[in-house]
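If you're matching them up, the sequences are chains A and B in order. Read in this note's numbering, the first sequence has 24 at position 24, and its numbers run on one by one without any break. Read in this note's numbering, the second sequence has 166 at position 166, and its numbers run on one by one without any break.
There's no promise every hint is true.
Capping the alpha-carbon separation at 30 Å, the derived lysine-lysine pairs in DSBU-like fashion look like this [stated by the list, open to error]: (1) B/354 <-> A/84; (2) B/354 <-> A/30; (3) A/67 <-> B/354; (4) A/228 <-> B/354; (5) B/106 <-> A/228; (6) A/67 <-> A/228; (7) B/354 <-> A/155.
It is worth saying that the hints were derived from the structure and are not from the lab. Note that the structure is predicted; figures quoted are calculated from it, not measured.
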Amino acid sequence: MKEEEVKTYDFPVLRVENLDLAYADYQVLKDVTFEVADGTCLVVMGGSGCGKSTLLKALIGLLPPRKGNVLIRSDDLWSSEFEKRAEILRRFGVLFQGGALWSSMTLLENVMLPLETHTDLPESEVGQVAEYKLSLVGLAGFEQFYPSQLSGGMKKRAGLARAMALDPDILFFDEPSAGLDPLTSRKLDDLINELKESLGITFVVVSHDLSSIYEIADDSIFLDSNTKSLLERGDPAWLAENSVHEHVRSFMNRDSSTDQI
Amino acid sequence: MSDKETPLKKQGESDGVWMTFRRDGDEGHCVIKGEWTVGGGAVRSASLEWSGILSSNLDLRAFRFSASEIESWDSSLIVFLDLCRRELADSGKGFDPAGLPAGILKLLGMCGSKRPKKIGSDFSLDAGIEFFETGLGRFRETILGLACFWAEWLSAFLLLFIGRSGMRLRDLIMACRTCGASALPIVTLISFLTGLTMAFVGSVQLEKFNAKIYIADLVSLAMVREMGALMVAIVMAGRTGAAFAAELGSMKLNEEIDSLRTFGISPMQFLVLPRTLGLLLMTPLLTLYADVVGILGGLTVGTQVMDFSVLHYYDQTQSALRGMWEVYSGLIKSLAFGLIIGLVGCYKGLGSGKDSASLGRAVTSSVVTSVTLIVVVDALFEITFSFLDLR
Ligand SMILES: Nc1ncnc2c1ncn2[C@@H]1O[C@H](COP(=O)(O)OP(=O)(O)OP(=O)(O)O)[C@@H](O)[C@H]1O
Ligand SMILES: [Mg+2]
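Using the sequences and the hints given, assemble the complete structure.
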């Protein structure tokens, strides 16, 4: 589809190999393997509690996996030393479910902090870049607001601006549309598509929202809590029609009649 | 089934309030009856009845349930039937609900057959001992955790000197302001009143020996050696330590700490270091200030109540504090207290869980832990000083 835009690399931007995830003694996912191609959007789907957020935590360096590898280009995230891992994390942007803005700082400072930490730019320039990122998500004029003065949707957009502060290769979103009204969530989808096309950013998005999944996804994986594994992978529209798993088809078509609760 | 009229009951059969039980070959048949309401406590009394039936009919292979004589029912019946189903499954017997009305069957199908873990909460002697053991274990865990946290803090502190730390100067200044300057009013009040009270208490005793002027020695020595540092530490633990715990705990709650990590920013360097350093710098300064104010409190009593002249009182104080070591030893203690309060507050805040209840616990336990540690460490200091002949 976007053949001409895809730069060729020897390694996919993100590759997950045989990942086992667990909290203390509670196994959440087993043997998950997938990869994400450059400049595409991968949606992680699955029922509530199947381990989507957990998988995301392992990908962004917050939850060490029981076993398996997370490869960013060719660098192994979890077997790297602290310094190297910080360097890898620099190429990530993460948007948490509630935005997770630093509440003691203004929006501008929120976006400036990653820039100050990881670049040697002078302060005035950092401020300009941060202002630009905020205007990109439609928050120009709100620079001096504190996170507590914003609505839920604005917080999410500010979180997005902060996630993009360092021009990351990959952006991770946990349920971007949860708690947003249909129109705002639609705008967020448009923003994702725009960023993907104009900047070539790769997205990994956890989502429940079918309409937004069809809108943004180039590829998707479906996690299952019964088998605790990756059940199926493919384009969501294709999965909805042709999946071999009845559970996946009913999920994608919002049809509960064929599925036991 | 018209067994009801037969006067002869077989072994194990019963006719209770909640169900009639009949044997039928190797199967049992329970007919549920009566008025089932949650408020009426049906589940509790019915399960007693049921366990009686089960224990006197262990030879049966399966149990059938029907509800032909039921008057009314609500969720209590479903809960009860689910309980029967689980118990029967546990003892390897069959559960046959086919005789129940369709509505009940559907609800029964919806309530999961997974059994929640039983949480032991009944108090017994064993539980009491266990309570103490877990309490001790938790205390040990806290101390070990704090030691690790301190080691981590030290390494972050050393990075500061190589100039590779993520700490921002303005955070440090901010921390100094919130835990130093803005604590002045309360420290003033508390230390002034402490000095005043000591002077009053001491004057009564000293009057008996006709040695009233030694009130100046008493107040000044007690203040610089002990009370100044201790009072400031306790105010700081309640004021600043609790604030650190609450602040970091709520940052954890909002995933703010996680998002710092994903940007490769170490919470230890970025959040903990400026706060603890600010406190470490400010506690001795506040202690020095508290010493002075406390002595002024004593002076107020000395001049206003005991009729000494200001100059007389001042001279006496000066001669009491001739060796400055008394002042220094108080400051050394306050340095240790400041470190304890800062580390405990941040440690508890970062260790709080992701719910608001555990945030509350973190704040409470930060205050309790730091006050305990302060008193313990204070005692250790005094013991050490007296062994080293420094007192
Ligand atoms: N901190 C934790 N400690 C222990 N178990 C956890 C923890 N967080 C999540 N779990 C468990 O891991 C499983 C997966 O949780 P996760 O949050 O990844 O689900 P999810 O797929 O994101 O669900 P949802 O769509 O509802 O957000 C759940 O069964 C949950 O009980
Ligand atoms: Mg989730």
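Do the hints match the structure? See the list:
no.: 1; hint: B/354 <-> A/84; result: holds, 29 Å
no.: 2; hint: B/354 <-> A/30; result: holds, 25 Å
no.: 3; hint: A/67 <-> B/354; result: holds, 25 Å
no.: 4; hint: A/228 <-> B/354; result: holds, 24 Å
no.: 5; hint: B/106 <-> A/228; result: holds, 28 Å
no.: 6; hint: A/67 <-> A/228; result: holds, 15 Å
no.: 7; hint: B/354 <-> A/155; result: holds, 20 Å
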